[in-house]
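Chains A and B, in that order, are what the protein sequence lines are.
So in my numbering the end of the first sequence lands on 324, straight run, no missing numbers.
So in my numbering the end of the second sequence lands on 293, straight run, no missing numbers.
Please note that the accuracy of each hint is not assured.
Said to hold, decoys possible - Some residues of chain B that are not near chain A, with every Cβ distance over 10 Å (derived):
#	residue
1	Met1
2	Leu59
3	Ser94
4	Phe105
5	Glu107
6	Gln118
7	Ile141
8	Leu146
9	Lys174
10	Pro178
11	Phe226
Stated by the list, open to error - Incomplete in silico selection of chain B near chain A, CB under 7 Å:
#	residue
12	Pro86
13	Leu87
14	Ala90
15	Ile104
16	Asn108
17	Ala112
18	Ile227
19	Ile234
20	Ala249
21	Thr263
22	Phe270
23	Leu273
24	Leu274
25	Val275
26	Phe279
What the hints assert, rightly or not - For the chain A half of the interface with chain B, some residues (derived, Cβ under 10 Å), not all of them:
#	residue
27	Ile122
28	Phe127
29	Val134
30	Pro144
31	Asn172
32	Glu187
33	Ile250
34	Gly274
35	Met289
36	Arg292
Bear in mind the hints are in silico, worked out from the structure with no lab data behind them.
Even for Gly, the Cβ is constructed at its ideal location relative to N, Cα and C.
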Amino acid sequence: MAKRWPLPVLLALGFLLSFAIPSLGLLDQYVQLILMYVGINIILAASLNLINGYMGEFSVGHAGFMAIGAYVASILTVLVFPSAAGPWLFPVAVIAGGLGAGLVGMAVAIPSFRTRGDYLAIVTLAFNMIVKSVFENIEAIGGPRGFLGMDKLTTLPWVFFWTVVSLWIMRNLVYSNFGRGVISIREDEIASDLMSVNTRQVKLVAFVVSSFFAGIAGGLFAHLLQFINPRMFDILKSTDILIMVYLGGIGSIAGSVLGATIYTVLLEWLRPLGIWRMVLMPLMLVLLMIYRPRGIMGLREARWFTPVRDLMTGKRHQSLGART
Amino acid sequence: MTYVFQQTLNALQLGSIYALIALGYTMVYGILTMINFAHGDLFMIGAFFCFAIATFFGLPFVPTLLLSMIGVAFLGVVIERLAYKPLRQAPRVSAVITALGVGIFLENFTLALNPYPQHVPTLITDTTWIVGGVSISSLQILVIGLSLALMMLLDFIVRRTMVGMAMRAISWDKSIVPLMGVPVNRIISITFALGTGLGAAAGTMYGLAYPVIDPYMGILVGWKAFICAVVGGIGSIRGAMIGGFILGAVEILVVASKIFPSTYRDFVAFGLLLVLLIFRPYGILGKPRPQKV
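Start from the sequences and build out the full structure, keeping to the hints where you can.
Pasting the structure below:
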């Protein structure tokens, strides 16, 4: 019997620690900030992995969903909710941001019924640019100057909570009946259609879930930085998320966690190098891709994220599809 | 009427630059089925080569253009050999991510060497003729004419020469062609050299037409050119040219028609492209590849 008893204990300990660190001042502010960025990036990478890794599509506009979440949540906390109730209504705002992004994700899923691969990449890319363009043109929320006035509502416990919740939901989704459908689309869409997978429905749900969590990450990001502008959510941000996913490895939640953590921490650690860190970082990425084309985890999963029934049958490795 | 003609000229100028870059995307895609996301940054390097050659050596326009094209073509071949060749058997997305990495490397390497936006010196004495109320600058004529000439040259190479035949053969079938004695690696190198050389020509002309250049200028232009290639039907050379002129026309039209404020340029351009892709999901000249079960 494969035992994984430490997981709930570790989660409880982590949650306690996330309260203890800010209130007791165990780590200095800077390290806490990095930890929160790591958490937000993990949510982003894992949610993009659902589309790009598990479903095998190539979506390049994830920052667009993040932007919608960030703007919806910020508008709610600043303009709609009474400021005194801010901390209590913060989860509502974040979820509303996620729902807003999910709703738009539904619209982006529809072209994916007809095209995939590079043509879908174009749709998501255009979507990203359109979102940025729309926010730049709405004067009521600051236009190109950006939107501010948010309180710093994103705290370490909230980031920890949302990271765990999103990873938990996505893991359960991936290993459910639905998740098998997602993977079967990656391996062979026509065959999975013949095997009575409702590919339209699966694609729609996958896009909605993925964009929902990107929106959640956006809401957290906005209330951590306390300032957003449309340029933060351009193609460069989407590229960052893509790099985290492929660095960690496609089709692996542990990979997304690793990829987001390594990318975020390494960039901070190399900060003394100034601009040269942004020269070094892509070089390392290229070398990694040459020697490990599937990323660090690459379709393998850590024990903690694998359901017990798969551990018992030894099915920890997904099949290596020809199309991915 | 003169206004319409004036804006048509502007659209042709912008469109020919997009088309030249889109050609690089579509050629590499046709032969390797890989999106070379570093291509927009090679366009930027082309503009910087032009700047460096013109500033430090003081050469006139033609040698500057040729040297910049040769330099960037060489760089493109080196990048293919070092970064993309080891990944030919790997999953396709690994190569795409590598290309993104190469692009970020080029941007920031240029930025590290050269932290400020630069101003390309005037290589062409720009004279403006007024024909029936329309002002035509010699620079505009040069950009449009040179781009069309380069595109015709490329079309000739691909359709009428042995190298072009080999390129078309490789994009048709990658497994049989090497058995027929086609040197695949050399043809891929030539494809990269041609594609990036055209990108450099676009960069040089962009530097002349819109003189301020900075290391990040290749990102947006590059992504837009990629959209042109897809709209035309990726892998199709004539499609890329058509796509480039369409995007140039749409962008100028949005600004010139004054129906929308000019800040909506990207919004309308990309919205129209999305609508087009819904009706022709494989682009204007692209052929759907039937999936075999």
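inquiry  = Please list, smallest to largest, the hint numbers that this structure does not respect.
reply    = Checked against the structure, the hints that fail are numbers 3, 4, 5, 11, 20, 25, 26, 31, 32, while the rest are satisfied.
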